[in-house]
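The primary structure of each chain is shown beneath.
2 protein chains.
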Amino acid sequence: MKAKIHVTLKNGVLDPQGKAVGHALSSLGFEGVGDVRQGKFIEIDLDTTDEAKAREQVDAMCRQLLANTVIENYDIAIES
Amino acid sequence: MKAKIHVTLKNGVLDPQGKAVGHALSSLGFEGVGDVRQGKFIEIDLDTTDEAKAREQVDAMCRQLLANTVIENYDIAIES
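Line by line, the protein sequences are chains A and B. Our numbering numbers the first residue of the first sequence as 1 and each following residue consecutively. Our numbering numbers the first residue of the second sequence as 81 and each following residue consecutively.
Read the hints as simulated data drawn from the structure, not as lab findings. Ideal Cβ positions, reconstructed from N, Cα and C, are used throughout, including at glycine. Zero decoy hints are in this set.
Lysine to any residue pairs mimicking SDA-like chemistry, simulated, CA-CA at most 25 Å apart:
{"hint": "1", "chain 1": "B", "residue 1": "Lys133", "chain 2": "A", "residue 2": "Asp35"}
{"hint": "2", "chain 1": "B", "residue 1": "Lys99", "chain 2": "A", "residue 2": "Cys62"}
{"hint": "3", "chain 1": "B", "residue 1": "Lys120", "chain 2": "A", "residue 2": "Ser27"}
{"hint": "4", "chain 1": "B", "residue 1": "Lys99", "chain 2": "A", "residue 2": "Ile76"}
{"hint": "5", "chain 1": "B", "residue 1": "Lys82", "chain 2": "A", "residue 2": "Gly32"}
{"hint": "6", "chain 1": "A", "residue 1": "Lys4", "chain 2": "B", "residue 2": "Ser106"}
{"hint": "7", "chain 1": "B", "residue 1": "Lys120", "chain 2": "A", "residue 2": "Phe41"}
{"hint": "8", "chain 1": "B", "residue 1": "Lys133", "chain 2": "A", "residue 2": "Gly32"}
{"hint": "9", "chain 1": "B", "residue 1": "Lys120", "chain 2": "A", "residue 2": "Ile76"}
{"hint": "10", "chain 1": "A", "residue 1": "Lys2", "chain 2": "B", "residue 2": "Leu89"}
{"hint": "11", "chain 1": "A", "residue 1": "Lys40", "chain 2": "B", "residue 2": "Asp139"}
{"hint": "12", "chain 1": "A", "residue 1": "Lys40", "chain 2": "B", "residue 2": "Glu123"}
{"hint": "13", "chain 1": "A", "residue 1": "Lys4", "chain 2": "B", "residue 2": "Val150"}
{"hint": "14", "chain 1": "A", "residue 1": "Lys4", "chain 2": "B", "residue 2": "Ile158"}
{"hint": "15", "chain 1": "B", "residue 1": "Lys84", "chain 2": "A", "residue 2": "Gly34"}
{"hint": "16", "chain 1": "B", "residue 1": "Lys120", "chain 2": "A", "residue 2": "Ser26"}
{"hint": "17", "chain 1": "A", "residue 1": "Lys10", "chain 2": "A", "residue 2": "Ala24"}
{"hint": "18", "chain 1": "A", "residue 1": "Lys19", "chain 2": "B", "residue 2": "Lys84"}
{"hint": "19", "chain 1": "B", "residue 1": "Lys82", "chain 2": "B", "residue 2": "Ala140"}
{"hint": "20", "chain 1": "A", "residue 1": "Lys4", "chain 2": "B", "residue 2": "Ile151"}
{"hint": "21", "chain 1": "A", "residue 1": "Lys4", "chain 2": "B", "residue 2": "Thr149"}
{"hint": "22", "chain 1": "B", "residue 1": "Lys120", "chain 2": "A", "residue 2": "Ala60"}
{"hint": "23", "chain 1": "B", "residue 1": "Lys133", "chain 2": "A", "residue 2": "Glu31"}
{"hint": "24", "chain 1": "B", "residue 1": "Lys84", "chain 2": "A", "residue 2": "Asn11"}
{"hint": "25", "chain 1": "B", "residue 1": "Lys84", "chain 2": "A", "residue 2": "Val13"}
{"hint": "26", "chain 1": "B", "residue 1": "Lys120", "chain 2": "A", "residue 2": "Gly34"}
{"hint": "27", "chain 1": "B", "residue 1": "Lys82", "chain 2": "A", "residue 2": "Pro16"}
{"hint": "28", "chain 1": "A", "residue 1": "Lys4", "chain 2": "B", "residue 2": "Asn91"}
{"hint": "29", "chain 1": "B", "residue 1": "Lys120", "chain 2": "A", "residue 2": "Gly29"}
Now the stretches of chain B that chain A is said to cover, found in silico as 3 or more residues with beta-carbon under 8 Å:
{"hint": "30", "segment": "103-117"}
{"hint": "31", "segment": "125-131"}
{"hint": "32", "segment": "144-155"}
Every beta carbon over 12 Å from chain A, so not counted as near; a handful from chain B, in silico:
{"hint": "33", "residue": "Gly92"}
{"hint": "34", "residue": "Leu94"}
{"hint": "35", "residue": "Pro96"}
{"hint": "36", "residue": "Ser160"}
All chains should be modelled from the sequences, with the hints used to inform the complete structure.
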């Protein structure tokens, strides 16, 4: 199975990387660009074939390593 | 409108960041973890209400700034 994980900054947390991208886009002449937020996208191949077990395992991975839950949210999608 | 962009390394391009995450997960005791790939996830708020125009604009942003098309693929989703 494959897990696709999005790790994004929580609302209200300042995102300097996103701000830099927004400014760069404006400098390049793109108009009408509002807020820009940048997060991480992680794909993990898993041996297990049990979706519930996979989700539980990936949730533990996010809490322990992949996301800083003080300032970040994570979203998990499991694909077979 | 909101554009959601995934920027991922092309197949065959070495991903040291993903490898490091994979090793860290193994060190933490997670079993059955195969290949790990890490990419970027970017959300951009756009003023335009025309989906085709928004997609065209974001495609240009990806080619000019957000993705290195030599080694990275990008995928654009537009939401109203």
